Every structure is written in C-alpha cells, then in structure tokens.
Amino acid sequence: EDKVVQSPLSLVVHEGDTVTLNCSYEVTNFRSLLWYKQEKKAPTFLFMLTSSGIEKKSGRLSSILDKKELFSILNITATQTGDSAVYLCAVESGSARQLTFGSGTQLTVLP
Amino acid sequence: DAGVTQSPTHLIKTRGQQVTLRCSPKSGHDTVSWYQQALGQGPQFIFQYYEEEERQRGNFPDRFSGHQFPNYSSELNVNALLLGDSALYLCASSLFGTPNTEAFFGQGTRLTVV
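Sequence lines, in order, name chains A and B.
Each step along the first sequence adds one to the number in our numbering, with nothing skipped, and position 1 is 1.
Each step along the second sequence adds one to the number in our numbering, with nothing skipped, and position 54 is 54.
Isolated chain B, as found in the complex (with noise of 0.2 Å):
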C-alpha cells in the first residue's frame, strides 16, 4: 500500500521565481492538505483540497496556489518566491468525512530560495 508520495525531495530556486511541487495521497484516500514547516517550527497550514476545490485556507499570500486532479494527486505552486518560502512543505492526506482517522503525511519536499 503506497503511502503519501511527494516529488520532489529537494529544490533549489532563486528569489522571485515559481516552484511546482507534487504530491500524491495514500490510496484510498481524496483529500490534501498542505503544510509549510520552517526550521524549528510546527508546520503551519496552508490549504486543502477536496473534490479539485480549494476547501480551507491558512493565513497565506495569494503567491501560493494549488490544484487537485481527478486522481486526487494534488500540485502546490509558488510565485515570485521570497527567501523566506525556505522552508519544508509537507504534504497530508485523509478520507473527507471520516472523524477520528489520522491524516497521513509525506517524506516532504526541502525548498531552498536563495
């Protein structure tokens, strides 16, 4: 059984440009979230996805956009990236409407911006 794949592990990207990262749910499940982690924090939220709609979003710039496909593999985007996107960006996946499951999480993509 697959887990929560992200693609890919490391990226480096210089200041103002846009990134793409890529997750893909564990099986079964329809629904992604996504974290941003900066070193020495807790991950913060971002946003989620369900049914290739944009349901909740964190406290985050328009700069950060995402997609879900049919397949329920989802993309994260990032423009005009500022040195302080650096971070570590996890992705999570859940079956909606199903309380008292835990949401699994991914290895992570490492997003360097210099």
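The following block holds chain A by itself, in its conformation from the complex (with noise of 0.2 Å):
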C-alpha cells in the first residue's frame, strides 16, 4: 500500500524565521512528486518533482526530491504571515496518475 508521511504535524515559528518541512514516501509506480498549500479549502499547487536533486524555487519557497532515499523537503524562508497554512506532500502513481497524501503539516506564522 501506498504511503507518504509528512513531519513535523504542526510548527509555529515567528515572522522571518526559515522553516523546512519533511516528506517520506514508499509508492510502486512512482510518476511524481507535488507540494500542495491548503489555506480554507482548494490546495493549491506548489510545486511538482520528477528528478532527484534539482531544486524548484518559487520566491521564497523551494523544494527539492530524493528518490534514493525516498523524501523530499520544501523550504520557506523569511516566512510571512500569509504563510500560514496546511502543506500537503502528495505523490502521483499508477496510470491513472492517482495523488497519495500525506496528512500534512500544519504552519503557523506569528508576527
């Protein structure tokens, strides 16, 4: 069975801290790898990896997979309130490029 686990649960740091959150994976048919940000109720999309070690930067946001060792981590620097949210770690597999989620962490950003 597919399974994705995302560390830690929940953080809470301050405005301008950097954080990075942890996703694990053990998946057949592995296609890909997604970051999703989930504030009410739509993820929306963050980033997708398919190659290991070439890291995808958005802003302050960047991330990075390892398929060796199975994980991948996504970085927020000089985090904002805005930030603030649940990340979700999602990997597609299988020919009907199906999404397995991890539970996600949950980041709050204080000011």
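In case anyone wonders, no lab produced these hints; they're calculated from the structure.
It is possible that part of the hints are untrue.
To be verified - Listed below are several chain B residues computed to face chain A (Cβ distance under 10 Å; list not exhaustive): (1) 4; (2) 27; (3) 29; (4) 37; (5) 84; (6) 86; (7) 88; (8) 103; (9) 107.
To be verified - Think about it this way: if two alpha-carbon atoms lie no more than 30 Å apart in a straight line, the pair counts; the simulated DSSO-like pairs of lysine-lysine are: (10) A:57 <-> B:26; (11) B:26 <-> A:37; (12) A:57 <-> B:13; (13) B:26 <-> A:3; (14) A:41 <-> A:56.
Nothing here was measured: the structure is a model prediction, and the numbers come from that model.
All C-beta atoms, glycine included, are put in the ideal place defined by N, C-alpha and C.
Got two chains here, separate frames each, mind docking them using the hints?
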C-alpha cells in the first residue's frame, strides 16, 4: 500500500524564520511528487518534482527530491503570516496518476 | 478561464440518506478525480473518471459511486450515509495523457452527516 509521511505535523514560528518541511514516501510506480498549500479548502499547487537533486524555486519557497532515499523537503525562507496554512505532500503514481497524500504540516507564522 | 467548480459548497444530511455532489472541471480538462478529506487528514483518493468510465478506484465501499457526463463534468453519489462520511469532498481535474502537469482542485463540498 502506498504511503506518504510528513513531518512535523505542526510548526509554529515567527515572521522572518526559515522552515523546512519533510516528506517521505513508499509508493509503487512513482511518477512525481507534488507540494500543495491548503489555506481554507482548495489545495493550491506549489511544485511538481520528478527528478532527483534538481531544486525547484518560486520566490521564498524551494523544494528538492531525493528518489534514492525517497524523500522531499520544502523550504520557506523569511516566513510571513500569509504563509500560515497546511502544506500537503502528495505522490503521483500508477496509470491513473492518482495522488496519495500525507497528513500535512500545519504551519503557523506569528507576527 | 474558469477553474474547477464544485456544488454545493456546504451540505447537511441525515444518516441513511443519499447525497449527490457535482464538479465541473477546468476548461480543457477531460479527467476528474474525487478525494475525501477528513478533518486533520490529507485527501484520500476515491476514484477517477475519464471517457465517462471509472478508471481507477481507491479503498472506498460501493456506497460511493460516480458518473461522468459527455461534457466532462462529474457527480459523486454516496448512499446510506454514515456519520463517518462527514468530510470535505474535493474534485480535481486534469488532462489525460499529459505527464508532468498538475491536477487542479476545486473549493470542495463540506458534507456534514448528523
């Protein structure tokens, strides 16, 4: 059975801090790993990673995948209160490209 | 460009009743997947529809069924509702056969079973 584990489950930081969110996985027929941000309802797409060792960057957010050790990290630098959200890691697998999600990391950024 | 739209946004049902949730995919997408997200958990895959057929199914009982229409919109039906079916139901759309492209999610339907 495919499994995705995220850590930590929750994190409270102050504005300006840097955070690292972790995601490990065990899936058959891996296609890609995705990060989503969920504030209220709809998860919004952040990154899709398919190759090991290639960092993807968008502003203060960056992510990297290690396909040998089966994990990914999401970094957020200079955090802002608007970064407060649940960050979901998902692995895409199979011919249907279904997503298996972790439980998420609840990030709270205090002013 | 309309994104993924779901209706209704909220719904309250009684145990044993039946419910139908609706999803219109993003313009240009032809594949719809449904997910159930319980409070404090990540979304769980229910099933996927493409070409009006169920292509893949997650670990959900037969009480959960679906349909896809020729215009690619989709419905999720849940029969004999249980309290444990209370959750946020998310619809995601994608374009079949296009690797390295992400799925887009709708705002979800919050179902409460009392």
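Structure-based check of all given hints:
no. : hint          : in the structure
1   : 4             : holds (8 Å)
2   : 27            : violated (16 Å)
3   : 29            : violated (13 Å)
4   : 37            : holds (8 Å)
5   : 84            : violated (17 Å)
6   : 86            : violated (15 Å)
7   : 88            : holds (6 Å)
8   : 103           : holds (7 Å)
9   : 107           : holds (5 Å)
10  : A:57 <-> B:26 : holds (25 Å)
11  : B:26 <-> A:37 : holds (19 Å)
12  : A:57 <-> B:13 : violated (43 Å)
13  : B:26 <-> A:3  : holds (28 Å)
14  : A:41 <-> A:56 : holds (25 Å)
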